[in-house]
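Given only the sequences and the hints, what does the whole structure look like? Please build it.
Number of protein chains: 2
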Amino acid sequence: MQNIPTTVRVPMAELTALLARIFQRHGTSAEVAAILADNVARAQRDGSHSHGVFRIPGYLSTLASGWVDGKAVPVVSDSAPGYVSVDARNGFAQPALAAAREALVAKARRNGIALLAIHDSHHFAALWPDVEPFAREGLVALTFVNSMACVVPHGGRQALFGTNPIAFAAPRSGGDPLVFDLATSAIAHGDVQIAAREGRRLPPGHGVDGTGAPTEDPNAILNGGALLPFGGHKGSALSMMVELLAAALTGGNFSFGFTWANHPGAQTPRTGQLFIVIDPSRGPGSDFAQRAEELVGAMHDAGQPRMPGDRRYRQRKEAESQGVAIDGDQLARLRELAG
Amino acid sequence: MQNIPTTVRVPMAELTALLARIFQRHGTSAEVAAILADNVARAQRDGSHSHGVFRIPGYLSTLASGWVDGKAVPVVSDSAPGYVSVDARNGFAQPALAAAREALVAKARRNGIALLAIHDSHHFAALWPDVEPFAREGLVALTFVNSMACVVPHGGRQALFGTNPIAFAAPRSGGDPLVFDLATSAIAHGDVQIAAREGRRLPPGHGVDGTGAPTEDPNAILNGGALLPFGGHKGSALSMMVELLAAALTGGNFSFGFTWANHPGAQTPRTGQLFIVIDPSRGPGSDFAQRAEELVGAMHDAGQPRMPGDRRYRQRKEAESQGVAIDGDQLARLRELAG
Numbered sequence: 001m002q003n004i005p006t007t008v009r010v011p012m013a014e015l016t017a018l019l020a021r022i023f024q025r026h027g028t029s030a031e032v033a034a035i036l037a038d039n040v041a042r043a044q045r046d047g048s049h050s051h052g053v054f055r056i057p058g059y060l061s062t063l064a065s066g067w068v069d070g071k072a073v074p075v076v077s078d079s080a081p082g083y084v085s086v087d088a089r090n091g092f093a094q095p096a097l098a099a100a101r102e103a104l105v106a107k108a109r110r111n112g113i114a115l116l117a118i119h120d121s122h123h124f125a126a127l128w129p130d131v132e133p134f135a136r137e138g139l140v141a142l143t144f145v146n147s148m149a150c151v152v153p154h155g156g157r158q159a160l161f162g163t164n165p166i167a168f169a170a171p172r173s174g175g176d177p178l179v180f181d182l183a184t185s186a187i188a189h190g191d192v193q194i195a196a197r198e199g200r201r202l203p204p205g206h207g208v209d210g211t212g213a214p215t216e217d218p219n220a221i222l223n224g225g226a227l228l229p230f231g232g233h234k235g236s237a238l239s240m241m242v243e244l245l246a247a248a249l250t251g252g253n254f255s256f257g258f259t260w261a262n263h264p265g266a267q268t269p270r271t272g273q274l275f276i277v278i279d280p281s282r283g284p285g286s287d288f289a290q291r292a293e294e295l296v297g298a299m300h301d302a303g304q305p306r307m308p309g310d311r312r313y314r315q316r317k318e319a320e321s322q323g324v325a326i327d328g329d330q331l332a333r334l335r336e337l338a339g
Numbered sequence: 340m341q342n343i344p345t346t347v348r349v350p351m352a353e354l355t356a357l358l359a360r361i362f363q364r365h366g367t368s369a370e371v372a373a374i375l376a377d378n379v380a381r382a383q384r385d386g387s388h389s390h391g392v393f394r395i396p397g398y399l400s401t402l403a404s405g406w407v408d409g410k411a412v413p414v415v416s417d418s419a420p421g422y423v424s425v426d427a428r429n430g431f432a433q434p435a436l437a438a439a440r441e442a443l444v445a446k447a448r449r450n451g452i453a454l455l456a457i458h459d460s461h462h463f464a465a466l467w468p469d470v471e472p473f474a475r476e477g478l479v480a481l482t483f484v485n486s487m488a489c490v491v492p493h494g495g496r497q498a499l500f501g502t503n504p505i506a507f508a509a510p511r512s513g514g515d516p517l518v519f520d521l522a523t524s525a526i527a528h529g530d531v532q533i534a535a536r537e538g539r540r541l542p543p544g545h546g547v548d549g550t551g552a553p554t555e556d557p558n559a560i561l562n563g564g565a566l567l568p569f570g571g572h573k574g575s576a577l578s579m580m581v582e583l584l585a586a587a588l589t590g591g592n593f594s595f596g597f598t599w600a601n602h603p604g605a606q607t608p609r610t611g612q613l614f615i616v617i618d619p620s621r622g623p624g625s626d627f628a629q630r631a632e633e634l635v636g637a638m639h640d641a642g643q644p645r646m647p648g649d650r651r652y653r654q655r656k657e658a659e660s661q662g663v664a665i666d667g668d669q670l671a672r673l674r675e676l677a678g
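Protein chains in written order, with the working numbering: chain Z, 1 to 339; chain C, 340 to 678.
These aren't lab readings, by the way, just hints derived from the structure by calculation.
From the three backbone atoms N, C-alpha and C, an ideal C-beta is built for every residue, glycine too.
A couple of the hints might just be wrong.
Said to hold, decoys possible - Just so you have them, the derived chain C footprint on chain Z, three or more residues with Cβ under 8 Å:
no.: 1; region: 60-72
no.: 2; region: 103-116
no.: 3; region: 146-158
no.: 4; region: 167-179
no.: 5; region: 246-260
no.: 6; region: 301-314
Quick look at the structure:
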């Protein structure tokens, strides 16, 4: 007999507090627990389920393995008038961002543009929560994070790049910010796992087998194979750019530049993350949010059914009135983990 | 009887001088002529033929139409400590870049990162010549330019975005910079025209016909149809970002925001261009060029046969010893145009 998943609704504050208890009970400081709990709860709230409570077991096995320091205190440096850098000291990336955020925004407002380079950090979350808040303050933000070698460069045979996502956020005057968060791989690793579990083949162009030959078999990708970049040589070039910006520029590891072999259970890449934040009010684009609204109108008129971020905002609205949707069994397991 | 194309070789300096004479004779100032001639000659030298002397008729018909001001003097503003902006005053983008370049580099070196926003500009060239020189000075550079409505947003029916390219350049310690220049459309407009002329069908996923339905017929794309973004919704999101950065942020036109209906012969989009320039030496990635070299080694080891920019550098080397390759008939026509 199979369990029928039952979705329950939990108030956002309750879910966040529950997740914070779990993190702290499994080896993080109270500060780090609060930041990660907020991040995971926001993903769950917005229907970004691959980065919601689904991620908790991965976080906990990583903490248990000793691979990441859940109590790390990030060290912020004022590198240059437009440049903040953070040594995350083998901790998570989100507390590093939180520690540097105020300085970053101040520099962007003062200079028109500023850079935040985080290194020795672990990013195990969606990228859109990192940039959306900047857009809510009227700023334009870009971020890049590299991960772990699982993508073959275009024309190559072996995995080298990470899924290497890029996220972008921009304010608009008539609605929620335009926010996208896209992996530069053709498909997310989790989606390959789901296809394998369900016995489905993938569309062409998503992965290669252990010999580097194209395959539509998810098992061949998972067992010694690798993902391909999205969009052929163009996606591959963008993935290379993410390695250069998130690792070389920050002083972080490349996606192929670390090993967790001595930490069974570790799942978080130990790399770097870069932010570029721009204040449109300092230049000729001071009516940026109105122009963005004009673009949205034109995209709607051209027949684009949905703006980047729209699906999340819809789910968020629903969660705000009804509570955050979560599978009943998952919630029960979370309560056990919280002790 | 068909003419057999014969390639001749011309010294770079001679080609550049010839092109400068052509530009100046057809309505540009001496300053603008020198900058455009250098740009076109560099593209021709590097085998970037779609942006080499092939473009001259388009430049000249545009100048003749009165659509662009070939004598415009760009006005540079010091918008903020990290922000330079240029009103190109309906002139070409390259003279605007040239006018602001020194200030931009100085700001990037002082602050770690700086922005250049150009508006009311015409960009009719490849993007890589704009960014490669920054990497030769040890800087990392990104640029974005929007063009004219010819790309349908993902899920939409009507052309709205331009081909909206992104170019990136980064220094490496052991060789020429890593430079890519990629349209966010699935295919360049010129390649659709060539397919139509040769009676070839296109691969799926490149364009739509006048009703917004997918088509592999290049004529259907050219006659009322449109291009698609590369890589589905991801390329479409990036193309939207280019509109926001190159137009909304700079104060330039969107790709759908101008009409050259009163200027028959006009071919250059009147939009904007954005540059982001980073000085790696100001932060924890001060060994950036060495790290980039490490990445190149790993990409070679993973089987990637060619680095972004490699083909251009090979052709450039050949041109430096043997002269720039050009079709004999084309050269004869250029000499006529130079008078």
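How the hints compare with the structure:
1. Figure legend: the region 60-72 of chain Z, annotated as covered by chain C; annotation inconsistent (0 residues with Cβ-Cβ distances under 8 Å, at least 3 required).
2. Chain C is given as covering the region 103-116 of chain Z, and this holds because 6 residues of the stretch bring a CB closer than 8 Å to a CB of that chain, at least three being needed.
3. As drawn, the region 146-158 of chain Z meets chain C at 7 residues by the rule of a beta-carbon pair under 8 Å; at three or more, the given contact holds.
4. Requiring three or more residues with a Cβ within less than 8 Å of a Cβ of chain C, the coverage given for the region 167-179 of chain Z holds, as 3 such residues are present.
5. With a threshold of 8 Å between beta carbons, the proposed coverage of the region 246-260 of chain Z by chain C holds, since 7 of its residues qualify and at least three are required.
6. For a cut-off of 8 Å, the count of residues in the region 301-314 of chain Z with a CB near a CB of chain C stands at 7, and the three-residue condition holds.
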